[in-house]
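Engineer: Chain by chain, the residues run as shown.
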Amino acid sequence: SQQGEEDPQALSIQEGENATMNCSYKTSINNLQWYRQNSGRGLVHLILIRSNEREKHSGRLRVTLDTSKKSSSLLITASRAADTASYFCATETNRDDKIIFGKGTRLHILP
Amino acid sequence: NAGVTQTPKFRVLKTGQSMTLLCAQDMNHEYMYWYRQDPGMGLRLIHYSVGEGTTAKGEVPDGYNVSRLKKQNFLLGLESAAPSQTSVYFCASSPRRDYTDTQYFGPGTRLTVL
Chain L
85 SQQGEEDPQA LSIQEGENAT MNCSYKTSIN NLQWYRQNSG RGLVHLILIR SNEREKHSGR
145 LRVTLDTSKK SSSLLITASR AADTASYFCA TETNRDDKII FGKGTRLHIL P
Chain U
20 NAGVTQTPKF RVLKTGQSMT LLCAQDMNHE YMYWYRQDPG MGLRLIHYSV GEGTTAKGEV
80 PDGYNVSRLK KQNFLLGLES AAPSQTSVYF CASSPRRDYT DTQYFGPGTR LTVL
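Chain order of the listed sequences is L and U. Residues in the first sequence are numbered from 85 upward in steps of one, following the working numbering. Residues in the second sequence are numbered from 20 upward in steps of one, following the working numbering.
Honestly, I wouldn't trust all of these hints.
Unchecked claim - As a list, the in silico DSS-like pairs of lysine-lysine whose alpha-carbon atoms are at most 25 Å apart:
| # | chain 1 | residue 1 | chain 2 | residue 2 |
| --- | --- | --- | --- | --- |
| 1 | L | Lys182 | U | Lys89 |
| 2 | L | Lys153 | U | Lys28 |
| 3 | U | Lys76 | U | Lys28 |
| 4 | L | Lys140 | L | Lys153 |
| 5 | L | Lys140 | L | Lys110 |
| 6 | L | Lys154 | L | Lys110 |
| 7 | L | Lys153 | L | Lys182 |
| 8 | L | Lys187 | L | Lys110 |
| 9 | L | Lys110 | L | Lys182 |
| 10 | U | Lys28 | U | Lys89 |
| 11 | L | Lys187 | U | Lys76 |
| 12 | L | Lys110 | U | Lys76 |
| 13 | L | Lys140 | L | Lys182 |
| 14 | L | Lys110 | L | Lys153 |
| 15 | L | Lys154 | L | Lys187 |
| 16 | U | Lys33 | L | Lys182 |
| 17 | L | Lys154 | L | Lys140 |
| 18 | U | Lys28 | L | Lys187 |
What the hints assert, rightly or not - Covered stretches of chain U, as calculated for chain L (at least 3 residues, CB under 8 Å):
| # | segment |
| --- | --- |
| 19 | 55 to 63 |
| 20 | 67 to 81 |
| 21 | 120 to 133 |
What the hints assert, rightly or not - Label-pair ranges, simulated between beta-carbon atoms:
| # | chain 1 | residue 1 | chain 2 | residue 2 | range |
| --- | --- | --- | --- | --- | --- |
| 22 | U | Glu98 | L | Ser135 | 37 to 43 Å |
| 23 | L | Glu137 | U | Pro114 | 44 to 50 Å |
| 24 | L | Gly143 | U | Pro27 | 33 to 39 Å |
These are calculated hints, taken from the structure and not from any lab test. In this text, a Cβ means the ideal position worked out from N, Cα and C, and glycines have one as well.
Extracted from the complex, chain L is given alone in its bound form (with noise of 0.2 Å):
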């Protein structure tokens, strides 16, 4: 089963505006990370927040997450077109090797 679920599946917002993304997930976690996916190409690594961190930054994106609500979210200030792509999450479990994808957030910045 899914270990990350994105919400919402999709979202369209204005260039300038602020984006937000939301991510679930089921088990405890080492760490979650976001990725960004542009149309027909590979994932590229957005940031990392471990499981002891609450919030992180990097440029226009703000990341925080909730240990207790099992829940991470993705805000990308002053949209602009070049950030149209898809988001996902990944978790790793403090269980295994493995990293876990969501099925992702598709993000549209409209001009």
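Given the coordinates of chain L, assemble chain U onto it according to the supplied hints.
Structural biologist: Positioned in the frame of chain L, the structure of chain U alone reads:
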């Protein structure tokens, strides 16, 4: 550094044919992974390897075999291709440092099984 490369980029097979997908990385990473990506399904882990000479099953291993004879290469084999294996296949590698592990992905192989 080339990073993670995959060959071939595209392939069309007939049902029952066999083929091998090659993944190579030049970053001296310990861990390597094979995923398949289908519409609406995200990425699903097929097999992975935690080091040279080792392999392990992921979420959807049936119908696939893998080998990691050299640290830099991870091969994915389809012995008898089926239409259900039509997908985009991604390879990834990671250095595997505790709690800071990130994956580096290849560009993908688009496989169609007729």
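Engineer: It remains to establish, for every hint, whether it holds in the given structure.
Structural biologist: Comparing the hints with the structure gives:
1. L:Lys182 x U:Lys89: holds, 21 Å
2. L:Lys153 x U:Lys28: It is violated: about 40 Å lies between the C-alpha atoms, which goes past 25 Å.
3. U:Lys76 x U:Lys28: Holds, at roughly 24 Å.
4. L:Lys140 x L:Lys153: holds, 17 Å
5. L:Lys140 x L:Lys110: holds, 21 Å
6. L:Lys154 x L:Lys110: Roughly 7 Å between the alpha carbons, so the hint for lysine 154 (chain L) and lysine 110 (chain L) holds.
7. L:Lys153 x L:Lys182: Since the Cα atoms of lysine 153 (chain L) and lysine 182 (chain L) sit roughly 22 Å apart, the hinted pair holds (cutoff 25 Å).
8. L:Lys187 x L:Lys110: Measuring from Cα to Cα gives roughly 14 Å; hence the hint holds.
9. L:Lys110 x L:Lys182: Distance ~15 Å between lysine 110 (chain L) and lysine 182 (chain L) Cα, so the pair holds.
10. U:Lys28 x U:Lys89: holds, 21 Å
11. L:Lys187 x U:Lys76: holds, 20 Å
12. L:Lys110 x U:Lys76: Measuring from Cα to Cα gives roughly 21 Å; hence the hint holds.
13. L:Lys140 x L:Lys182: holds, 23 Å
14. L:Lys110 x L:Lys153: Distance ~10 Å between lysine 110 (chain L) and lysine 153 (chain L) Cα, so the pair holds.
15. L:Lys154 x L:Lys187: Within the cut-off at roughly 17 Å; holds.
16. U:Lys33 x L:Lys182: Measuring from Cα to Cα gives roughly 32 Å; hence the hint is violated.
17. L:Lys154 x L:Lys140: holds, 16 Å
18. U:Lys28 x L:Lys187: holds, 23 Å
19. 55 to 63: Per the Cβ count (5), the hint holds.
20. 67 to 81: holds (count 5)
21. 120 to 133: holds (count 8)
22. U:Glu98 x L:Ser135: 37 to 43 Å: About 39 Å separates the Cβ atoms of glutamate 98 (chain U) and serine 135 (chain L), which means 37 to 43 Å holds.
23. L:Glu137 x U:Pro114: 44 to 50 Å: Violated, since glutamate 137 (chain L) and proline 114 (chain U) (Cβ atoms, about 20 Å apart) do not stay within the stated range.
24. L:Gly143 x U:Pro27: 33 to 39 Å: With a Cβ separation near 35 Å, glycine 143 (chain L) and proline 27 (chain U) satisfy 33 to 39 Å, so the hint holds.
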